[in-house]
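Just so it is clear: in the sequence shown, position 181 is 181 by the numbering used here, and no numbers are missing.
Careful: at least some of the hints might be erroneous.
[Said to hold, decoys possible] Result set (SDA-like, lysine to any residue): computed pairs, CA atoms no more than 20 Å apart in a straight line:
| # | residue 1 | residue 2 |
| --- | --- | --- |
| 1 | 108 | 193 |
| 2 | 14 | 29 |
| 3 | 295 | 305 |
| 4 | 295 | 31 |
| 5 | 14 | 69 |
| 6 | 14 | 195 |
| 7 | 14 | 44 |
| 8 | 14 | 58 |
| 9 | 108 | 26 |
| 10 | 14 | 106 |
| 11 | 14 | 81 |
| 12 | 108 | 191 |
| 13 | 119 | 67 |
| 14 | 295 | 166 |
| 15 | 108 | 42 |
| 16 | 119 | 186 |
| 17 | 108 | 29 |
| 18 | 295 | 119 |
| 19 | 295 | 278 |
| 20 | 14 | 186 |
| 21 | 108 | 120 |
| 22 | 119 | 195 |
| 23 | 14 | 46 |
| 24 | 119 | 44 |
| 25 | 108 | 1 |
| 26 | 108 | 56 |
| 27 | 108 | 98 |
[Unchecked claim] FRET-style restraints, in silico, Cβ to Cβ:
| # | residue 1 | residue 2 | range |
| --- | --- | --- | --- |
| 28 | 2 | 299 | 27 to 35 Å |
| 29 | 29 | 230 | 32 to 40 Å |
| 30 | 103 | 229 | 43 to 51 Å |
| 31 | 267 | 68 | 22 to 30 Å |
| 32 | 236 | 302 | 53 to 61 Å |
By construction, these hints were calculated from the structure, which means they are not laboratory data. No experiment lies behind these values; they were computed from the predicted model shown. Quick reminder that beta carbons are idealized off the backbone N, C-alpha and C, glycines included.
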Amino acid sequence: MDISIVVPVYNSEKSLPELVQRLAAVLPGLANQYELILVNDGSPDRSWETICELANRHDWVYGIDLMRNFGQHNALLCGIRQARFPITITMDDDLQHPPEELHLLLEKLAEGWDVVYGKPAQEKHNLWRDLASQITKLALQSAMGADTARNISALRVFRTRLRDSFAQFQGPYPSIDVLLTWGTTRFSVVAVHHEQRRYGASNYTFGKLVRHAMNMMTGFSILPLQLASVMGFTFALFGVGVLIYVIGRYIILGGSVPGFPFLASIIAIFAGVQLFSLGIIGEYLARVHLRLLEKPPYTVARQVQFSGEAQREYQ
């Protein structure tokens with residue numbers, strides 16, 4: 001078995017040496033050949049210098065430095081496209097995913113699955129982060145069309161050949177989990193230990209997770225448009241019902257419905273639905289606009305890998 005591990009890196013100069021050390025102890029027992037691809041996503045700290053030092057020390061460590069911060073899934077897409085071996089593993093850089101439990105995912109993959117997620121047995125996040133994660137997973141379920149979306153995590157093992165199904169993808173807002181559904185429906189989940197974050201704080205705030213969920217829903221699903229259509233149809237029926245009520249009251253009682261508040265409320269409801277639907281359509285038009293601009297999901301500034309007697313750096 002040969003495996004490639006892809007890790008997006010952001011402000012992780014303190015955790016990377018320990019991550020590589022723990023992987024170095026585990027990987028020889030898991031694979032014949034292996035590589036670690038560290039993708040620096042525009043970190044303002046010394047993460048890139050740390051990656052260069054690790055690449056100089058270990059010939060299986062490969063570093064990629066992006067020109068700016070593009071986002072976790074963009075960095076993952078870059079690393080996945082560079083993977084050389086038949087099985088790819090993705091994991092975080094904060095040591096919350098223990099390398100010692102990678103064998104559980106690989107054993108599950110060997111049963112014939114194409115993608116296996118490492119679901120945290122107990123997550124170590126605060127209430128707001130957990131709430132935002134649930135919103136994101138609901139959005140993923142809409143975009144992926146699979147119940148497995150409720151159990152996804154950044155710890156994944158999948159067959160590298162699946163990337164062929166999204167080889168031509170160039171959108172600025174990728175979602176690795178949705179892209180994997182373009183190549184397979186064979187997903188599975190195993191429970192793994194989720195460690196406490198020891199260095200720094202999570203870069204995924206409540207707002208960022210909600211924005212990520214919106215990007216997934218508008219970028220990979222037509223559910224919001226369908227929702228707007230249903231709401232428009234529902235309130236159109238409501239309007240017909242109000243019209244029947246007004247006419248019926250006039251015929252039976254001989255007078256119209258009194259009161260400006262009633263009329264103002266009806267107008268406000270319909271105006272709100274119209275603006276909501278226009279907002280959804282605007283989100284989709286923005287995605288089309290960005291695709292026409294051909295904005296890339298990432299841009300590589302330089303790469304580094306130890307080879308032979310000296311470190312090679314590619315500008």
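Point to revise | Unmet hints by their number, sorted upward, for this structure | key: 2, 3, 4, 10, 11, 13, 15, 18, 19, 20, 24, 26, 29 and 31
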